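These protein sequence lines map, in sequence, to chains L and P.
Residue numbers are given in full-length UniProt numbering: position 193 of the first sequence equals residue 193, and the series is strictly consecutive.
Residue numbers are given in full-length UniProt numbering: position 258 of the second sequence equals residue 258, and the series is strictly consecutive.
Hint data in this document are derived by calculation from the structure and do not stem from the laboratory.
Do not rely on the hints blindly, as some may be mistaken.
Residues of chain L placed beyond 10 Å of chain P at every Cβ, according to the derived structure [claimed, not checked]:
#1 Q15
#2 E35
#3 A86
#4 S96
#5 R114
#6 Y128
#7 N161
#8 Q221
#9 A227
#10 P230
#11 I231
#12 E261
Cut-off 20 Å, straight-line C-alpha distance, at most; resulting in silico cross-link-like pairs (SDA-like, lysine to any residue) [to be verified]:
#13 K112/L - K198/P
#14 K68/L - K198/P
#15 K72/P - T164/P
#16 K101/L - K72/P
#17 K21/P - I249/P
#18 K136/L - P99/L
#19 K259/P - Y141/L
#20 K101/L - K68/L
#21 K68/L - G174/P
#22 K101/L - E179/P
#23 K259/P - S140/L
#24 K101/L - F178/P
#25 K101/L - L159/P
#26 K101/L - T164/P
#27 K101/L - V43/P
#28 K112/L - G135/P
#29 K198/P - K72/P
#30 K101/L - D168/P
#31 K112/L - D127/L
#32 K68/L - D168/P
Everything numeric in this text was worked out from a predicted model, so none of it was measured.
Heads up, the beta-carbon is just placed ideally off N, CA and C, and yes, glycines get one too.
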Amino acid sequence: MLMQQVEQSVKGAVQIEGLSVSFHRQGRENRVLEEIQLGIRPGEFACLLGPSGCGKSTLLNLVAGFIKPTAGYVTVDQQPITRPGADRGFVFQQYSLLPWKTTFQNIELGLKIRGLSKPSRRELVDDYLNRVGLYKHRNSYPYQLSGGMQQRASIVRALVNSPSVLLMDEPFAALDAQTRHMMQELLLDIWEDLKTTVIFVTHDIEEAIFLGDRLYIMGVQPGHIKAELPIRLSRPRHFDDTLSTEFINLHRQVFECIREETLKSMEAG
Amino acid sequence: MVLTEELNTPQDRFGNLLNSKHGTYILPLITTLLLFIGWELAVRLFSIPEFILPAPSAILAEIPQWGGAVAKNAWTTLVTTLLGFLAALALGVLLGFMIGYSKLANLTIYPLLIGFNTIPKVALVPLLSIWFGIGAVPAVITAFLLAFFPIAVNVAIGLATVETEMQDVLVSLGASRFEVFQKVGLPHTMPYLFASLKVAISQAFIGSVIAETVASNGGIGYVILSASSNFNVPLAFLALLALAVMGVILYSFFMVLEKRFVHWI
Ligand SMILES: Nc1ncnc2c1ncn2[C@@H]1O[C@H](COP(=O)(O)OP(=O)(O)O)[C@@H](O)[C@H]1O
Ligand SMILES: [Mg+2]
Numbered sequence: 001m002l003m004q005q006v007e008q009s010v011k012g013a014v015q016i017e018g019l020s021v022s023f024h025r026q027g028r029e030n031r032v033l034e035e036i037q038l039g040i041r042p043g044e045f046a047c048l049l050g051p052s053g054c055g056k057s058t059l060l061n062l063v064a065g066f067i068k069p070t071a072g073y074v075t076v077d078q079q080p081i082t083r084p085g086a087d088r089g090f091v092f093q094q095y096s097l098l099p100w101k102t103t104f105q106n107i108e109l110g111l112k113i114r115g116l117s118k119p120s121r122r123e124l125v126d127d128y129l130n131r132v133g134l135y136k137h138r139n140s141y142p143y144q145l146s147g148g149m150q151q152r153a154s155i156v157r158a159l160v161n162s163p164s165v166l167l168m169d170e171p172f173a174a175l176d177a178q179t180r181h182m183m184q185e186l187l188l189d190i191w192e193d194l195k196t197t198v199i200f201v202t203h204d205i206e207e208a209i210f211l212g213d214r215l216y217i218m219g220v221q222p223g224h225i226k227a228e229l230p231i232r233l234s235r236p237r238h239f240d241d242t243l244s245t246e247f248i249n250l251h252r253q254v255f256e257c258i259r260e261e262t263l264k265s266m267e268a269g
Numbered sequence: 001m002v003l004t005e006e007l008n009t010p011q012d013r014f015g016n017l018l019n020s021k022h023g024t025y026i027l028p029l030i031t032t033l034l035l036f037i038g039w040e041l042a043v044r045l046f047s048i049p050e051f052i053l054p055a056p057s058a059i060l061a062e063i064p065q066w067g068g069a070v071a072k073n074a075w076t077t078l079v080t081t082l083l084g085f086l087a088a089l090a091l092g093v094l095l096g097f098m099i100g101y102s103k104l105a106n107l108t109i110y111p112l113l114i115g116f117n118t119i120p121k122v123a124l125v126p127l128l129s130i131w132f133g134i135g136a137v138p139a140v141i142t143a144f145l146l147a148f149f150p151i152a153v154n155v156a157i158g159l160a161t162v163e164t165e166m167q168d169v170l171v172s173l174g175a176s177r178f179e180v181f182q183k184v185g186l187p188h189t190m191p192y193l194f195a196s197l198k199v200a201i202s203q204a205f206i207g208s209v210i211a212e213t214v215a216s217n218g219g220i221g222y223v224i225l226s227a228s229s230n231f232n233v234p235l236a237f238l239a240l241l242a243l244a245v246m247g248v249i250l251y252s253f254f255m256v257l258e259k260r261f262v263h264w265i
């Protein structure tokens with residue numbers, strides 16, 4: 001089984017070695033991440049879970065190359081990360097579609113920057129639009145779309161460039177519960193197809209267990225990896241699975257682990 | 001069928017007009033007309049003398065004699081205003097870019113601009129007439145001085161408020177610095193720029209007319225001044241009317257331009 005998976009996707013191995021980050025504010029050092037050490041296999045769906053303020057976004061931004069570490073390094077397929085690149089697609093919580101461009105124009109941005117011809121751009125983008133049910137809305141502007149549709153467009157905008165890693169920072173946190181569940185299933189659907197490595201940041205325990213192959217639970221002060229937990233629920237997953245005993249036991253286990261950290265971060269204010 | 005019948009009640013038809021495209025110019029035209037009718041009636045009813053407040057009919061009666069002269073001077077004012085406005089647009093956008101993009105410019109130039117903006121520009125006109133003589137130049141400069149501040153400030157605000165996430169998205173798609181500006185910074189600034197142009201054109205207009213009443217021998221401002229000193233109040237009002245019409249036309253032009261260019265808001 002495992003061998004088969006490794007063969008399926010050869011790119012997208014993420015290695016994080018001794019990664020630390022400090023921010024300096026008014027002459028004082030604020031240590032946000034300390035000695036992060038983790039390895040994510042190609043094609044794996046990894047979830048970063050932790051209370052708000054523990055440094056999840058910071059860690060993801062380091063992998064994206066938006067910020068630089070104080071110590072340590074990140075590699076993707078043995079290449080050290082020094083700056084942002086199209087090999088790492090990023091999906092923000094607030095969709096971040098350009099308001100003056102249509103769905104289609106937003107999604108083709110990366111392809112256009114890379115200089116792909118118009119016919120090949122159209123073919124690729126339309127294929128993805130169909131896949132996520134947005135073809136009808138290809139000429140709509142973001143303000144004409146619901147939150148769920150905007151987030152689908154923003155996911156496709158990253159995926160259309162065939163990144164080796166998809167980085168997602170609480171992408172469904174702003175959606176209502178119904179839409180969120182549908183988006184989770186849709187994301188898994190696409191991922192089963194593409195087997196792109198995913199690093200998914202969330203503070204929602206249920207979401208992390210439902211989506212992930214592996215959970216990295218983060219602790220606070222300074223941010224560190226507190227526990228690593230493989231999720232061996234069978235795939236493809238459906239929303240009924242969240243009601244299984246296995247799921248509920250996992251939920252309880254993770255909840256206890258996170259609770260301590262949440263209390264700590266609340267005490268610190 | 002029933003639906004169309006219901007839509008034909010007077011209230012519904014008014015509601016339709018209120019929300020339709022035509023409503024945006026038909027309704028203001030109706031209120032303008034009502035204002036003139038009320039004005040005419042008031043003047044006749046209270047027998048207000050013409051040299052205090054002429055009736056609209058008396059103002060329009062000046063057209064055969066003075067219409068040509070007013071039109072010629074209105075043209076002068078229009079050209080003056082547009083010259084000042086164009087200069088303001090060029091320098092305003094340039095300064096706005098500097099302030100919006102450079103922290104140094106923001107800390108050095110911006111406070112100076114704010115200080116300068118608090119000076120009432122009318123106070124500068126006598127000085128301008130000493131430096132540049134009586135004529136069109138002081139008017140163009142006054143128009144420019146009044147118009148460039150809102151443009152510079154708005155462009156700076158537009159550039160400074162670009163969401164970092166949008167820029168990050170572009171960078172992570174492999175965009176260069178210039179592409180990030182072209183695809184995010186520039187379009188994001190457009191609504192701010194166009195909003196400021198509506199303000200700036202009105203300001204330029206005010207500036208040129210003020211200067212014309214102080215240091216000029218042409219333009220609508222000059223017409224009003226000389227008509228008043230000759231007690232030709234109906235002519236002064238005709239000139240005022242020309243000003244109002246020009247102001248509305250200029251403002252509407254930039255409003256339409258804004259709607260075309262900033263369609264996503
Ligand atoms: N650019 C920055 N400058 C200073 N402090 C920052 C910066 N970014 C994040 N931080 C700090 O790092 C900590 C972790 O932030 P973040 O990674 O956003 O947490 P999370 O995403 O888990 O909620 C917070 O205490 C925050 O104040
Ligand atoms: Mg965050």
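Comparing the hints with the structure gives:
no.: 1; hint: Q15; verdict: holds (20 Å)
no.: 2; hint: E35; verdict: holds (26 Å)
no.: 3; hint: A86; verdict: violated (4 Å)
no.: 4; hint: S96; verdict: violated (5 Å)
no.: 5; hint: R114; verdict: violated (6 Å)
no.: 6; hint: Y128; verdict: holds (15 Å)
no.: 7; hint: N161; verdict: violated (7 Å)
no.: 8; hint: Q221; verdict: holds (26 Å)
no.: 9; hint: A227; verdict: holds (29 Å)
no.: 10; hint: P230; verdict: holds (29 Å)
no.: 11; hint: I231; verdict: holds (28 Å)
no.: 12; hint: E261; verdict: holds (27 Å)
no.: 13; hint: K112/L - K198/P; verdict: violated (35 Å)
no.: 14; hint: K68/L - K198/P; verdict: violated (44 Å)
no.: 15; hint: K72/P - T164/P; verdict: violated (51 Å)
no.: 16; hint: K101/L - K72/P; verdict: violated (45 Å)
no.: 17; hint: K21/P - I249/P; verdict: holds (17 Å)
no.: 18; hint: K136/L - P99/L; verdict: holds (18 Å)
no.: 19; hint: K259/P - Y141/L; verdict: holds (16 Å)
no.: 20; hint: K101/L - K68/L; verdict: violated (31 Å)
no.: 21; hint: K68/L - G174/P; verdict: holds (17 Å)
no.: 22; hint: K101/L - E179/P; verdict: holds (15 Å)
no.: 23; hint: K259/P - S140/L; verdict: holds (18 Å)
no.: 24; hint: K101/L - F178/P; verdict: holds (18 Å)
no.: 25; hint: K101/L - L159/P; verdict: holds (18 Å)
no.: 26; hint: K101/L - T164/P; verdict: holds (18 Å)
no.: 27; hint: K101/L - V43/P; verdict: violated (56 Å)
no.: 28; hint: K112/L - G135/P; verdict: violated (53 Å)
no.: 29; hint: K198/P - K72/P; verdict: violated (25 Å)
no.: 30; hint: K101/L - D168/P; verdict: holds (17 Å)
no.: 31; hint: K112/L - D127/L; verdict: holds (16 Å)
no.: 32; hint: K68/L - D168/P; verdict: holds (14 Å)
When the structure is compared with the earlier hints, violations turn up for hints 3, 4, 5, 7, 13, 14, 15, 16, 20, 27, 28, 29 and for no others.
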